[in-house]
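Q: Listed below, chain by chain, are the residues.
Protein chains: 2
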Amino acid sequence: MRKKIGFLGPEGTYCEEAGTKYLKGLAKTRLTPYSTIHQLLLAANRGKIEEAVVPVENSIEGTVGIVMDMLVKEVNLKIKREIIIPIAHNLIAPRGTKLYQVTDVISHPQAIDQCKDYLRKKLPKANLHLAYSTADAVKQVATSIGEKILGRISGHHPLFAAVGTRAAAKLYGLSIIATKINASQNQTRFLVLSKSDYRRTGRDKTSIVFSVGRDRPGGLHNILGEFASRAINLTKIESRPAKKDLGDYYFFIDMEGHREDNVIKEALNFIKKKVSFLKILGSYPKA
Amino acid sequence: MRKKIGFLGPEGTYCEEAGTKYLKGLAKTRLTPYSTIHQLLLAANRGKIEEAVVPVENSIEGTVGIVMDMLVKEVNLKIKREIIIPIAHNLIAPRGTKLYQVTDVISHPQAIDQCKDYLRKKLPKANLHLAYSTADAVKQVATSIGEKILGRISGHHPLFAAVGTRAAAKLYGLSIIATKINASQNQTRFLVLSKSDYRRTGRDKTSIVFSVGRDRPGGLHNILGEFASRAINLTKIESRPAKKDLGDYYFFIDMEGHREDNVIKEALNFIKKKVSFLKILGSYPKA
Numbered sequence: 128m129r130k131k132i133g134f135l136g137p138e139g140t141y142c143e144e145a146g147t148k149y150l151k152g153l154a155k156t157r158l159t160p161y162s163t164i165h166q167l168l169l170a171a172n173r174g175k176i177e178e179a180v181v182p183v184e185n186s187i188e189g190t191v192g193i194v195m196d197m198l199v200k201e202v203n204l205k206i207k208r209e210i211i212i213p214i215a216h217n218l219i220a221p222r223g224t225k226l227y228q229v230t231d232v233i234s235h236p237q238a239i240d241q242c243k244d245y246l247r248k249k250l251p252k253a254n255l256h257l258a259y260s261t262a263d264a265v266k267q268v269a270t271s272i273g274e275k276i277l278g279r280i281s282g283h284h285p286l287f288a289a290v291g292t293r294a295a296a297k298l299y300g301l302s303i304i305a306t307k308i309n310a311s312q313n314q315t316r317f318l319v320l321s322k323s324d325y326r327r328t329g330r331d332k333t334s335i336v337f338s339v340g341r342d343r344p345g346g347l348h349n350i351l352g353e354f355a356s357r358a359i360n361l362t363k364i365e366s367r368p369a370k371k372d373l374g375d376y377y378f379f380i381d382m383e384g385h386r387e388d389n390v391i392k393e394a395l396n397f398i399k400k401k402v403s404f405l406k407i408l409g410s411y412p413k414a
Numbered sequence: 128m129r130k131k132i133g134f135l136g137p138e139g140t141y142c143e144e145a146g147t148k149y150l151k152g153l154a155k156t157r158l159t160p161y162s163t164i165h166q167l168l169l170a171a172n173r174g175k176i177e178e179a180v181v182p183v184e185n186s187i188e189g190t191v192g193i194v195m196d197m198l199v200k201e202v203n204l205k206i207k208r209e210i211i212i213p214i215a216h217n218l219i220a221p222r223g224t225k226l227y228q229v230t231d232v233i234s235h236p237q238a239i240d241q242c243k244d245y246l247r248k249k250l251p252k253a254n255l256h257l258a259y260s261t262a263d264a265v266k267q268v269a270t271s272i273g274e275k276i277l278g279r280i281s282g283h284h285p286l287f288a289a290v291g292t293r294a295a296a297k298l299y300g301l302s303i304i305a306t307k308i309n310a311s312q313n314q315t316r317f318l319v320l321s322k323s324d325y326r327r328t329g330r331d332k333t334s335i336v337f338s339v340g341r342d343r344p345g346g347l348h349n350i351l352g353e354f355a356s357r358a359i360n361l362t363k364i365e366s367r368p369a370k371k372d373l374g375d376y377y378f379f380i381d382m383e384g385h386r387e388d389n390v391i392k393e394a395l396n397f398i399k400k401k402v403s404f405l406k407i408l409g410s411y412p413k414a
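These protein sequence lines map, in sequence, to chains A and B.
Okay, so the first sequence: first residue is 128 according to our numbering, each after it adds one.
Okay, so the second sequence: first residue is 128 according to our numbering, each after it adds one.
Hints were generated in silico from the structure; no laboratory data involved.
Worth double-checking, as some hints may not be accurate.
Since copy identity is lost for identical chains, a pair holds within one copy or between any two.
[As the list claims (entries may be wrong)] With a cut-off of at most 30 Å between alpha-carbon atoms, the simulated DSS-like pairs for lysine-lysine come out as follows:
#  : residue 1 : residue 2
1  : LYS363    : LYS399
2  : LYS297    : LYS175
3  : LYS307    : LYS200
4  : LYS225    : LYS131
5  : LYS207    : LYS400
6  : LYS151    : LYS207
7  : LYS401    : LYS363
8  : LYS363    : LYS200
9  : LYS413    : LYS401
10 : LYS131    : LYS148
11 : LYS363    : LYS400
12 : LYS249    : LYS207
13 : LYS392    : LYS155
14 : LYS249    : LYS322
15 : LYS175    : LYS243
16 : LYS151    : LYS363
17 : LYS248    : LYS200
Please model the complete structure; the sequences and the hints are all you need to start from.
A: Right, dumping it as structure tokens:
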């Protein structure tokens with residue numbers, strides 16, 4: 128039987144690109160798109176898929192918030208891997224299109240925004256149109272929807288290009304007429320979630336979430352002391368309101384090391400006694 | 128002369144709503160829309176406007192990231208106030224429109240997403256269209272752009288409604304045909320930035336950002352100790368990569384109290400000696 132892995136769809140998004148990078152070398156695996164992060168995580172939690180690839184730090188197709196919030200209590204999934212890919216936007220159009228012929232550009236609002244400098248310089252007269260995702264924009268160009276609508280109204284013949292991924296261009300049989308058209312070199316971080324995390328490799332990270340209860344000014348400091356005294360390096364810390372109660376927070380911490388390393392095991396054992404809630408979200412190799 | 132305050136435009140967004148709430152009672156003030164957070168903060172920094180209202184925790188029209196990143200080094204602005212408003216989406220259409228007549232709904236992708244349950248239940252057959260902002264969607268409905276385009280192609284007569292703010296409905300002379308159509312009760316947080324922060328009121332918060340330099344596992348713990356030992360309550364903590372160097376972080380911390388309170392003054396004095404970078408972002412009354 129083929130292993131089933133879900134990702135945040137549609138096909139041709141950066142999340143699929145992350146999934147494909149992750150699967151490189153893994154044979155007999157099927158990538159299935161899910162339309163929301165909520166549905167994707169629930170499917171993994173119920174065992175309908177074995178793993179889920181989700182964006183956690185990505186300004187284009189997803190947000191950290193909902194993934195982190197769901198990991199706290201709604202699902203019982205572990206972080207198995209982290210995948211980091213650079214965002215590289217492409218200008219995508221039907222085969223044979225020359226840059227100067229493009230009259231209209233379509234994409235997700237944030238993708239258009241990230242390519243503003245390029246578009247202003249190279250296509251100053253192009254009309255800008257919006258789509259739900261970069262993949263959806265590429266699909267619209269492939270099916271010439273924009274051309275048909277605009278052509279019928281105005282009588283002239285527009286030529287659409289989309290801002291999107293290499294994968295989407297390939298999926299819809301279109302050409303890339305310009306690469307890396309985004310200004311800043313944003314990296315995006317994706318997680319692979321599963322019923323179990325990853326074995327110790329010696330170059331690992333561990334993610335946890337805990338709550339210290341309200342009105343304990345020194346609570347967080349007290350907990351961080353367990354890491355500091357053992358020289359455990361923290362690579363991320365973030366507080367998120369627990370929602371049910373103003374003034375109550377969850378703290379998300381990433382640290383270097385595996386939960387089976389002795390120092391980490393020990394630190395977490397001491398922390399367990401000091402918090403009102405602790406969940407080890409998983410250990411996984413550093414990207 | 129009238130005082131000039133800028134906000135993230137266009138007119139009719141939640142950011143303008145926050146600005147208006149903030150200004151209530153302040154006479155002789157003009158609210159000026161800016162089209163990007165970058166331009167808005169630079170205008171305040173150069174003194175072209177006296178204050179800037181920006182979203183910092185808002186899933187509709189802005190992101191925390193760029194505001195926090197600019198406050199670190201690019202501008203020398205202080206946080207003067209925080210404004211918290213609940214997100215309440217409205218369905219907005221021309222006067223006299225009945226809900227059952229609506230054939231098409233337009234808004235910002237995330238606003239449509241937040242109202243999915245309502246739209247699925249009450250307008251299951253409506254076509255969904257995207258706009259750059261909720262304000263832009265309302266403007267499009269006011270100018271009947273969608274009707275004109277679709278009407279010309281299909282021959283039938285569509286009726287558009289937008290998802291947006293009460294302020295936008297008023298601005299464009301449209302009616303609200305349904306209120307609070309979003310599922311979750313999201314709150315959004317805005318900041319007022321200025322050349323100086325706010326005087327001590329006794330119910331204050333202070334925001335700081337600092338960096339401890341790389342490869343100092345106990346660095347953060349050491350700093351938090353200065354707060355813990357003085358029973359200073361932290362209300363938010365977040366690490367953000369410093370970008371220039373992987374492994375280097377900025378820590379953003381919000382605490383209860385004013386920077387002129389003795390305990391806070393003392394804590395910050397000790398912290399100054401322990402960090403490679405410290406900036407007090409301002410003290411302001413708790414929202």
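Q: Next step is simple, just say for each hint if it's right about the structure.
A: Quick rundown of the hints versus the structure:
{"no.": "1", "hint": "LYS363 x LYS399", "in the structure": "both (19 Å within a copy, 22 Å between copies)"}
{"no.": "2", "hint": "LYS297 x LYS175", "in the structure": "within (28 Å within a copy, 48 Å between copies)"}
{"no.": "3", "hint": "LYS307 x LYS200", "in the structure": "between (39 Å within a copy, 27 Å between copies)"}
{"no.": "4", "hint": "LYS225 x LYS131", "in the structure": "neither (40 Å within a copy, 46 Å between copies)"}
{"no.": "5", "hint": "LYS207 x LYS400", "in the structure": "within (26 Å within a copy, 39 Å between copies)"}
{"no.": "6", "hint": "LYS151 x LYS207", "in the structure": "within (16 Å within a copy, 51 Å between copies)"}
{"no.": "7", "hint": "LYS401 x LYS363", "in the structure": "both (20 Å within a copy, 20 Å between copies)"}
{"no.": "8", "hint": "LYS363 x LYS200", "in the structure": "both (20 Å within a copy, 21 Å between copies)"}
{"no.": "9", "hint": "LYS413 x LYS401", "in the structure": "both (28 Å within a copy, 29 Å between copies)"}
{"no.": "10", "hint": "LYS131 x LYS148", "in the structure": "within (16 Å within a copy, 50 Å between copies)"}
{"no.": "11", "hint": "LYS363 x LYS400", "in the structure": "both (22 Å within a copy, 23 Å between copies)"}
{"no.": "12", "hint": "LYS249 x LYS207", "in the structure": "neither (42 Å within a copy, 41 Å between copies)"}
{"no.": "13", "hint": "LYS392 x LYS155", "in the structure": "neither (35 Å within a copy, 61 Å between copies)"}
{"no.": "14", "hint": "LYS249 x LYS322", "in the structure": "neither (48 Å within a copy, 38 Å between copies)"}
{"no.": "15", "hint": "LYS175 x LYS243", "in the structure": "between (41 Å within a copy, 24 Å between copies)"}
{"no.": "16", "hint": "LYS151 x LYS363", "in the structure": "within (28 Å within a copy, 39 Å between copies)"}
{"no.": "17", "hint": "LYS248 x LYS200", "in the structure": "between (48 Å within a copy, 28 Å between copies)"}
Hint compliance for this structure: hints 4, 12, 13 and 14 are broken, all remaining hints hold.
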